[in-house]
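Construct the entire structure; sequences and hints are all you get.
Protein chains: 2
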Amino acid sequence: MGRLEYFSIIAPDMGRIFRFMGFVTLLPLGVAAYFEEWDMLVPMGLVPLIFVLLGSALLTIPRPPREARLSVAFTAVALIWFTAAVIGSVPFIVGLHMPVTDSIFEAMSGWTDTGLTLLPDVDATPKTLLFWRSFMQWLGGLGIVAFTVALVSRSGLTQRGLYRSEGRSEAFMPSVVGTGIAMWRIYGIITLLSIGLILLSGVPVWDAVNLALTAIATGGFTVHSEGIPYYDSALLEFLLVPVMLAGAMPFKLYYLMYYKRKASFFGDRQAVALLSLALIGIFVLFGDLIFLSGIDAFSAFRQSVFMATAAITSTGFQNTSPFTWPTVTTLYLIMFMLIGGSSGSTAGGMKISRVLLGLEGLVWWFKRIFVSGKAIVPFRHEGRTVQRNIAEVEVSKNMLIIILYFLTVFVGTIAVLHFETPTMFESSNVIFEVVSAFCNNGISTGFVNPEMSIGAKWVFIFVMWFGRLEIMPVLVLFVGLIKGFD
Amino acid sequence: MGRLEYFSIIAPDMGRIFRFMGFVTLLPLGVAAYFEEWDMLVPMGLVPLIFVLLGSALLTIPRPPREARLSVAFTAVALIWFTAAVIGSVPFIVGLHMPVTDSIFEAMSGWTDTGLTLLPDVDATPKTLLFWRSFMQWLGGLGIVAFTVALVSRSGLTQRGLYRSEGRSEAFMPSVVGTGIAMWRIYGIITLLSIGLILLSGVPVWDAVNLALTAIATGGFTVHSEGIPYYDSALLEFLLVPVMLAGAMPFKLYYLMYYKRKASFFGDRQAVALLSLALIGIFVLFGDLIFLSGIDAFSAFRQSVFMATAAITSTGFQNTSPFTWPTVTTLYLIMFMLIGGSSGSTAGGMKISRVLLGLEGLVWWFKRIFVSGKAIVPFRHEGRTVQRNIAEVEVSKNMLIIILYFLTVFVGTIAVLHFETPTMFESSNVIFEVVSAFCNNGISTGFVNPEMSIGAKWVFIFVMWFGRLEIMPVLVLFVGLIKGFD
Ligand SMILES: [K+]
Ligand SMILES: [K+]
Numbered sequence: 001m002g003r004l005e006y007f008s009i010i011a012p013d014m015g016r017i018f019r020f021m022g023f024v025t026l027l028p029l030g031v032a033a034y035f036e037e038w039d040m041l042v043p044m045g046l047v048p049l050i051f052v053l054l055g056s057a058l059l060t061i062p063r064p065p066r067e068a069r070l071s072v073a074f075t076a077v078a079l080i081w082f083t084a085a086v087i088g089s090v091p092f093i094v095g096l097h098m099p100v101t102d103s104i105f106e107a108m109s110g111w112t113d114t115g116l117t118l119l120p121d122v123d124a125t126p127k128t129l130l131f132w133r134s135f136m137q138w139l140g141g142l143g144i145v146a147f148t149v150a151l152v153s154r155s156g157l158t159q160r161g162l163y164r165s166e167g168r169s170e171a172f173m174p175s176v177v178g179t180g181i182a183m184w185r186i187y188g189i190i191t192l193l194s195i196g197l198i199l200l201s202g203v204p205v206w207d208a209v210n211l212a213l214t215a216i217a218t219g220g221f222t223v224h225s226e227g228i229p230y231y232d233s234a235l236l237e238f239l240l241v242p243v244m245l246a247g248a249m250p251f252k253l254y255y256l257m258y259y260k261r262k263a264s265f266f267g268d269r270q271a272v273a274l275l276s277l278a279l280i281g282i283f284v285l286f287g288d289l290i291f292l293s294g295i296d297a298f299s300a301f302r303q304s305v306f307m308a309t310a311a312i313t314s315t316g317f318q319n320t321s322p323f324t325w326p327t328v329t330t331l332y333l334i335m336f337m338l339i340g341g342s343s344g345s346t347a348g349g350m351k352i353s354r355v356l357l358g359l360e361g362l363v364w365w366f367k368r369i370f371v372s373g374k375a376i377v378p379f380r381h382e383g384r385t386v387q388r389n390i391a392e393v394e395v396s397k398n399m400l401i402i403i404l405y406f407l408t409v410f411v412g413t414i415a416v417l418h419f420e421t422p423t424m425f426e427s428s429n430v431i432f433e434v435v436s437a438f439c440n441n442g443i444s445t446g447f448v449n450p451e452m453s454i455g456a457k458w459v460f461i462f463v464m465w466f467g468r469l470e471i472m473p474v475l476v477l478f479v480g481l482i483k484g485f486d
Numbered sequence: 001m002g003r004l005e006y007f008s009i010i011a012p013d014m015g016r017i018f019r020f021m022g023f024v025t026l027l028p029l030g031v032a033a034y035f036e037e038w039d040m041l042v043p044m045g046l047v048p049l050i051f052v053l054l055g056s057a058l059l060t061i062p063r064p065p066r067e068a069r070l071s072v073a074f075t076a077v078a079l080i081w082f083t084a085a086v087i088g089s090v091p092f093i094v095g096l097h098m099p100v101t102d103s104i105f106e107a108m109s110g111w112t113d114t115g116l117t118l119l120p121d122v123d124a125t126p127k128t129l130l131f132w133r134s135f136m137q138w139l140g141g142l143g144i145v146a147f148t149v150a151l152v153s154r155s156g157l158t159q160r161g162l163y164r165s166e167g168r169s170e171a172f173m174p175s176v177v178g179t180g181i182a183m184w185r186i187y188g189i190i191t192l193l194s195i196g197l198i199l200l201s202g203v204p205v206w207d208a209v210n211l212a213l214t215a216i217a218t219g220g221f222t223v224h225s226e227g228i229p230y231y232d233s234a235l236l237e238f239l240l241v242p243v244m245l246a247g248a249m250p251f252k253l254y255y256l257m258y259y260k261r262k263a264s265f266f267g268d269r270q271a272v273a274l275l276s277l278a279l280i281g282i283f284v285l286f287g288d289l290i291f292l293s294g295i296d297a298f299s300a301f302r303q304s305v306f307m308a309t310a311a312i313t314s315t316g317f318q319n320t321s322p323f324t325w326p327t328v329t330t331l332y333l334i335m336f337m338l339i340g341g342s343s344g345s346t347a348g349g350m351k352i353s354r355v356l357l358g359l360e361g362l363v364w365w366f367k368r369i370f371v372s373g374k375a376i377v378p379f380r381h382e383g384r385t386v387q388r389n390i391a392e393v394e395v396s397k398n399m400l401i402i403i404l405y406f407l408t409v410f411v412g413t414i415a416v417l418h419f420e421t422p423t424m425f426e427s428s429n430v431i432f433e434v435v436s437a438f439c440n441n442g443i444s445t446g447f448v449n450p451e452m453s454i455g456a457k458w459v460f461i462f463v464m465w466f467g468r469l470e471i472m473p474v475l476v477l478f479v480g481l482i483k484g485f486d
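In order, the protein sequence lines correspond to chains A and B.
Number 426 in the numbering used here belongs to position 426 of the first sequence; there are no gaps in the numbering.
Number 58 in the numbering used here belongs to position 58 of the second sequence; there are no gaps in the numbering.
All the pointers check out, no bait thrown in.
List of simulated lysine to any residue pairs, SDA-like, C-alpha gap at most 25 Å:
(1) K367(A) <-> G484(B)
(2) K367(B) <-> P64(A)
(3) K367(B) <-> I403(A)
(4) K367(A) <-> K483(B)
(5) K367(B) <-> L407(A)
(6) K367(B) <-> I390(A)
(7) K367(A) <-> F147(B)
Counterexamples of contact, computed for chain B against chain A with all Cβ distances above 10 Å:
(8) E36
(9) T445
(10) N449
Under 8 Å between C-beta atoms, here's a sample of chain B residues computed to sit facing chain A:
(11) V328
(12) F366
(13) F406
(14) F410
(15) I414
(16) H418
(17) V479
Quick caveat, the hints were computed from the structure, so don't treat them as lab data.
Beta carbons are placed, not taken as given, at the ideal position from N, Cα and C, and that holds for glycine.
Right, dumping it as structure tokens:
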């Protein structure tokens with residue numbers, strides 16, 4: 001099949017989504033009007049305009065009748081995220097006269113919920129554009145949940161086999177449209193609750209709204225150059241902890257809670273693992289800070305609770321610079337960034353489910369080594385026995401993805417170093433920054449800054465995109481572009 | 001089965017091997033006599049004595065009749081290597097009054113062909129002990145080849161399934177005894193040829209013998225504190241290149257060449273990949289050195305040819321310190337160290353076969369994503385189609401091992417950093433050194449030195465042991481010790 005014919009399969013789906021985005025992205029215009037930033041109306045208004053025009057154009061393309069393939073969904077989602085970043089960059093280019101690369105970086109960091117920024121001065125940026133950053137993160141967060149859920153319930157990459165083998169229907173929502181509406185409602189409710197919670201700390205409404213949007217999306221943009229330390233409020237930091245955790249929980253739980261009225265947080269292994277990891281992270285960071293840094297106990301507690309949660313949920317808020325920390329503590333931070341939150345949440349990283357499945361595969365293999373001869377060792381997943389051949393496929397796919405994560409960090413770091421010669425920043429800072437971008441985390445050493453070379457900026461843009469979609473969609477797009485889609 | 005009963009299965013096999021080692025390790029006594037280092041006779045004589053006594057003691061243990069299991073072979077080989085390191089440390093403790101930890105480190109670095117050293121002054125060390133270091137590397141090199149071959153042809157972990165599925169018998173040698181004799185003969189011939197080759201450079205016979213022993217074993221010990229730069233001979237460096245490559249080739253090829261009179265280097269994919277990787281490495285390092293370091297073309301050529309070969313073959317000789325190099329070049333070096341040489345050779349690292357199988361798995365999965373519905377995509381390995389369920393198992397095991405490699409580097413680095421607070425050495429140097437020890441490579445930043453804390457030294461001892469046996473044997477030993485062998 002030719003590349004053009006292939007894209008014509010995707011076009012109508014993309015068109016519908018873009019036209020929908022055209023309507024949703026009208027909201028920042030309200031912010032411009034409220035704050036009377038009239039000069040922002042045109043830059044901001046271009047976004048819905050382009051989305052609607054592009055969407056309508058794509059909808060005119062006739063869709064050839066062909067069966068759906070996994071590669072089609074992958075290619076479509078990869079293209080949607082990239083196009084959204086390009087369109088999302090327009091307000092920064094037109095309204096702030098930022099360079100094109102920096103603007104695309106900013107929008108990609110927004111849609112992918114990464115939170116790294118190239119804004120020259122956050123405090124001096126018009127409120128409309130600050131809201132646009134927060135809003136992109138909020139939309140991107142729900143977008144990735146919807147994509148993951150659709151993938152699990154429809155085309156079935158991630159671990160579908162594990163469920164199907166038990167004859168259990170994983171379709172926790174009847175259709176994508178139904179999913180969409182239920183999702184929006186739940187997401188909206190959680191966001192409103194978060195705004196209320198954050199207001200308890202006494203920050204202004206404007207700050208509370210933006211912080212809630214970016215915390216629940218585990219995005220991490222703030223509306224001040226200083227970030228979270230601007231508020232200098234331990235209360236705010238502790239109030240943000242549950243919001244970040246809520247963003248990194250599997251959203252399926254909220255659905256079950258809201259529609260089926262059953263709360264089963266402790267029955268979900270990802271939720272349990274997330275909370276355990278956060279506790280372990282707090283414990284380790286606290287110990288390291290007390291024994292290795294020698295700061296006072298309350299500061300150590302405040303830093304460890306906030307930073308461990310921000311790292312493991314991939315939100316990337318910071319109430320301190322981890323580069324005043326001992327090296328070994330920073331390495332723990334990297335590990336938490338790599339693991340990331342739950343799959344089916346707004347969080348980034350490899351995902352807890354993937355790490356758990358990897359561990360199960362390891363245990364399984366160990367048992368098989370110890371057992372003599374041809375005795376059969378069953379594979380157990382979530383308390384059930386899985387058919388052997390299905391287990392092999394799922395374990396193996398999972399391992400591949402994990403290896404691709406490590407490889408990407410490696411290749412990304414080498415690529416950045418080919419563009420930048422680190423004099424001030426040692427190489428381990430570059431690795432840290434690549435992991436942070438790739439896992440859509442956003443904790444930064446300061447290496448990512450507007451002075452960086454254009455090449456390095458594009459590596460980071462690519463790495464954020466690659467990581468948000470968990471590698472395969474972008475890889476499939478590139479392989480398809482190069483080798484054709486057959 | 002109880003732990004003691006379990007060890008009684010292994011004891012006779014270990015006893016035979018230790019008694020054999022007792023006879024072989026008489027050779028360094030000849031060196032002591034030749035150089036009239038009479039005070040070294042006792043320290044060196046303790047090694048064969050202990051080996052023979054321990055071996056005989058183990059042989060008296062009655063072996064319970066039980067079927068052989070993979071875990072038995074794994075546990076035995078892990079214990080053999082560790083015991084050999086403890087016994088091998090005696091001459092350094094008794095003859096040189098080195099601390100026990102440093103001596104075990106030195107012997108482990110010898111038997112595992114790593115080449116990192118804690119000797120306080122190589123030039124001032126008695127020749128008997130220098131020969132003992134080289135000889136441990138030489139024996140350890142053949143030992144690991146024999147272990148890998150035995151594993152493939154008997155119990156069959158590594159990729160046996162891939163061969164068996166084609167009904168092809170992989171037993172390239174009829175029995176372990178036969179293997180042993182054929183191996184010793186071939187290894188001896190190659191070593192003699194290497195000595196002759198190295199003598200062409202004009203170095204003394206003493207140096208040529210030691211360099212040949214450690215080069216063919218891809219071990220990397222030298223007899224001068226300065227290492228290879230001591231000789232300041234470009235000719236020697238170029239002559240060592242083919243010897244190192246010979247050590248990292250699959251030894252199966254030599255067997256086929258010697259006994260079947262057919263040379264099939266270019267028919268073996270590991271051999272082809274090894275040479276290609278060396279060429280790529282030379283090319284990349286040369287380019288980086290010319291464009292980023294700005295040294296003259298001949299020096300760049302000399303450094304890139306020697307360092308790339310030393311890195312990819314895991315020999316670890318150095319004709320320059322890579323820490324005068326740009327960071328990005330060092331990262332390439334880490335990548336080459338991680339890949340390592342061929343499996344079934346004396347080289348360390350993940351092994352080329354494992355990397356190739358990983359890539360095949362990736363390609364296979366890609367094809368399956370692009371193909372619609374239930375169409376079957378065959379798995380191709382070495383030009384043949386492999387049964388699907390076998391392919392799944394092998395691909396999945398392979399991925400697990402690769403992930404364990406990355407994990408070990410991570411955990412090892414964190415462990416070292418808990419014992420050492422790097423002030424002079426930045427954290428990326430620690431990662432480099434852990435990779436170098438783990439992949440039995442031995443290229444060093446200078447971080448490993450006698451001043452290091454005892455804890456860090458033990459982490460390195462463990463990591464060398466873990467890496468040489470390719471993870472599983474040591475892991476099985478520990479899991480068995482903790483959870484029992486059932
Ligand atoms: K983030
Ligand atoms: K070595």
